[in-house]
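Heads up: the sequence lines are chains V and Z, in that order. Each residue of the first sequence is one higher than the one before, counting from 1 in our numbering. Each residue of the second sequence is one higher than the one before, counting from 1 in our numbering.
In short, the hints are calculated from the structure, not lab data. Hints may be right or wrong, so weigh each one.
[Stated by the list, open to error] Pair by pair, the computed Cβ-Cβ distance ranges are:
#: 1; chain 1: V; residue 1: Ser211; chain 2: Z; residue 2: Gly71; range: 40 to 46 Å
#: 2; chain 1: V; residue 1: Asp184; chain 2: Z; residue 2: Ala180; range: 26 to 32 Å
#: 3; chain 1: V; residue 1: Asp184; chain 2: Z; residue 2: Thr168; range: 17 to 23 Å
The beta-carbon is built from N, C-alpha and C at its ideal position, and this holds for glycine as well.
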Amino acid sequence: MEKKVLMKGNEAIAEAAIRAGCRHYFGYPITPQTEIAAYMAKRMPKIGGTFLQAESEIAAINMVYGVASAGLRVMTSSSSPGISLKGEGLSYLAGADLPALVVNVQRGGPGLGGIQPSQSDYFQATRGAGHGDFRMIVLAPASVQEMAELTVSAFDLADKYRMTSMLLADGTMGQMMEPVALDDLKINPMPEKPWATTGTKMERKRNIINSLSLVPEELEQFNFARYEKYAKIEREEARAEEYRMEDAEICVAAFGIASRVSRNAVDAAREMGIKVGMIRPITLWPFPKETFKKSLSTVKKYISVELNMGQMIEDVRLSTECRRPVTLCNRAGGMIPTPEQVLEAIKSAANGGEN
Amino acid sequence: MKVKRITLFVGHYGSGKTNIAVNYAIALAKTRNPVALADLDIVNPYFRSKDSLADLEAAGVRLIASPYAGGNLDIPALPQEMYAVTDDKNLTAILDVGGDDRGALALGRLTPAILAENDFACLAVVNRYRPLTRTPADTVEVLREIEGAGGVPITGLVNNSNVGRETTPEDVLDSLAYAAEVSRLTGLPVVMTTVDRGVYPALSGKIPDLFPLDLQKKIG
Numbered sequence: 001m002e003k004k005v006l007m008k009g010n011e012a013i014a015e016a017a018i019r020a021g022c023r024h025y026f027g028y029p030i031t032p033q034t035e036i037a038a039y040m041a042k043r044m045p046k047i048g049g050t051f052l053q054a055e056s057e058i059a060a061i062n063m064v065y066g067v068a069s070a071g072l073r074v075m076t077s078s079s080s081p082g083i084s085l086k087g088e089g090l091s092y093l094a095g096a097d098l099p100a101l102v103v104n105v106q107r108g109g110p111g112l113g114g115i116q117p118s119q120s121d122y123f124q125a126t127r128g129a130g131h132g133d134f135r136m137i138v139l140a141p142a143s144v145q146e147m148a149e150l151t152v153s154a155f156d157l158a159d160k161y162r163m164t165s166m167l168l169a170d171g172t173m174g175q176m177m178e179p180v181a182l183d184d185l186k187i188n189p190m191p192e193k194p195w196a197t198t199g200t201k202m203e204r205k206r207n208i209i210n211s212l213s214l215v216p217e218e219l220e221q222f223n224f225a226r227y228e229k230y231a232k233i234e235r236e237e238a239r240a241e242e243y244r245m246e247d248a249e250i251c252v253a254a255f256g257i258a259s260r261v262s263r264n265a266v267d268a269a270r271e272m273g274i275k276v277g278m279i280r281p282i283t284l285w286p287f288p289k290e291t292f293k294k295s296l297s298t299v300k301k302y303i304s305v306e307l308n309m310g311q312m313i314e315d316v317r318l319s320t321e322c323r324r325p326v327t328l329c330n331r332a333g334g335m336i337p338t339p340e341q342v343l344e345a346i347k348s349a350a351n352g353g354e355n
Numbered sequence: 001m002k003v004k005r006i007t008l009f010v011g012h013y014g015s016g017k018t019n020i021a022v023n024y025a026i027a028l029a030k031t032r033n034p035v036a037l038a039d040l041d042i043v044n045p046y047f048r049s050k051d052s053l054a055d056l057e058a059a060g061v062r063l064i065a066s067p068y069a070g071g072n073l074d075i076p077a078l079p080q081e082m083y084a085v086t087d088d089k090n091l092t093a094i095l096d097v098g099g100d101d102r103g104a105l106a107l108g109r110l111t112p113a114i115l116a117e118n119d120f121a122c123l124a125v126v127n128r129y130r131p132l133t134r135t136p137a138d139t140v141e142v143l144r145e146i147e148g149a150g151g152v153p154i155t156g157l158v159n160n161s162n163v164g165r166e167t168t169p170e171d172v173l174d175s176l177a178y179a180a181e182v183s184r185l186t187g188l189p190v191v192m193t194t195v196d197r198g199v200y201p202a203l204s205g206k207i208p209d210l211f212p213l214d215l216q217k218k219i220g
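Chain V with its partners taken away, still in its complex shape (with noise of 0.2 Å):
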């Protein structure tokens, strides 16, 4: 019997692993996230798995590509600077098909940037964590509850399609604290893995895990079943959650934490008499383009509101097929939009202004 428990963002996304069966974690620190390690260093000897400290994100990342291989489940966490280090790793995972969490805490950026939270790598997430043709499944908390729950996701997602899953956080959806009831989380039993290199037992042909093609005509046909496997994602998986959205004339979009502040703003510009709803993608990839197309039938304008210079909006406007304008309501470097900010944009949206 348990109760609900006060925990960190970080927390919960550690912990949730801990329940979906991962008994591997492999990392390095970097703030805004680094309770993640902190907890697997304190829990994981405890219930047999193993938590390592790696010397530098790159080699986690290649211990991840090895567990994964052996068919467990298997996560690493960074930060933003942390995250770009991991990017020949994500590549090869996604070459070698093999499923992975990966998460998130984003600061600011570019470079060393800050350790401030912030969403400026959406791009990276949703379009290139590494080199060659390839995708990620991202998946995008706005509650501690929800890190724990996504976190669930991710694995099965993972595991259901052999390729990574990011969860994408901020360093405020990191460190915040909020009750979680962790009882209430749905763990499925992981699927069998038939292509783990496990040992064959002189029983069946070897597997082999690899992401080198000799053959070129090969190296397509292996792009093109995975893109098939993309587009069957893409017409499956996509999740968002619509808002006031029934009658709504203008279109807030915000994922992550920036939803939390838009959702007070158009709450206090329906007071008003504002038709105004929000759509929080809870996948950022595929993203929910169905949901926003969808959403022309009533909607004029759209903003997307984003702790970047503008990433998600292109997302927001190829959804859309640029059919309406969509407008940009942001703050860079670490800051969040302030829910007054947000309110202003919709206002000067209802009155005719571009904003």
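Add chain Z to chain V, keeping to what the hints say.
Leaving out everything else, chain Z in the frame of chain V:
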């Protein structure tokens, strides 16, 4: 509780040390002068007593903090003025120590002087609703690790059991048995039960040594 010249707040990370230290310093400053709050947290650069600088200054509390605290850098630096805590015997000092044994490690520089003077209270903040200190046994383990790293013996417990904004008076009442068991296992008294100002009226008179907290928010 007789106020010692130096009060240290130690505990598991996220147990509420910084918030309690800030509130306690502000309360002490009503009857004492000078009062200083020293931020020795070199573990978590996110939630710092510096976020409450305006409130502390208004109450007449001197904040001793690293110039990097609360900024955009993650530099585990101790404040250069921290020796005032042990050097200036006129000062009533509150120490906000970083979380867990890793945080308590930073105490080492001051420990010999604190022990030699022997006018201190080292209070361990506990919260049964935090995942790694849910049981009395787990809590005691964390407290032993902190003592081992910091070198200052814990002299009392602060029961800060809460689940954030959703905390009900029942949540606090439910935690009393836990705090009593930690007290029994360690032989340490529960010197304070801290609760948010919002639930304080419902609990006032029901729990001894109840101390209301105003939540200090992260700024910037």
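Here is what the structure says about each hint:
no.: 1; hint: V:Ser211 x Z:Gly71: 40 to 46 Å; verdict: holds (41 Å)
no.: 2; hint: V:Asp184 x Z:Ala180: 26 to 32 Å; verdict: holds (30 Å)
no.: 3; hint: V:Asp184 x Z:Thr168: 17 to 23 Å; verdict: holds (19 Å)
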